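> Sequence:
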Amino acid sequence: MEAICRKTFDRRIAVDIELGATLLQVLGDPTQLEQMLLNL
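Just so we're aligned: 36 in the numbering used here is position 35 of the sequence shown, and the numbers increase by one with no gaps anywhere.
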């Protein structure tokens with residue numbers, strides 16, 4: 002997910018990712034996840 006964020010967002014936007022101890026795995030299509038982020 003971090004790679005998608007860094008590739009998708011403008012380079013002027015800092016990406017800071019903090020993962021919790023109870024992180025759940027998310028299964029999904031990388032292209033659809035990228036499209037979702039662009040729509041935000």
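Wrong hints could be hidden among the right ones.
Straight-line Cα separation of at most 25 Å, SDA-like style, residue types lysine to any residue; simulated pairs [as the list claims (entries may be wrong)]:
1) K8 <-> L34
2) K8 <-> L39
3) K8 <-> V27
4) K8 <-> Q33
5) K8 <-> Q26
6) K8 <-> Q36
7) K8 <-> L25
8) K8 <-> P31
Source of the hints: derived by calculation from the structure; they are not laboratory data.
If you're wondering where the values come from, they're calculated on a predicted model, not measured in any experiment.
> A separate judgement is required for each hint: does it hold in the structure or not?
These are the hints, each one checked on the structure:
no., hint, result
1, K8 <-> L34, "holds, 12 Å"
2, K8 <-> L39, "holds, 11 Å"
3, K8 <-> V27, "holds, 19 Å"
4, K8 <-> Q33, "holds, 14 Å"
5, K8 <-> Q26, "holds, 21 Å"
6, K8 <-> Q36, "holds, 12 Å"
7, K8 <-> L25, "holds, 23 Å"
8, K8 <-> P31, "holds, 12 Å"
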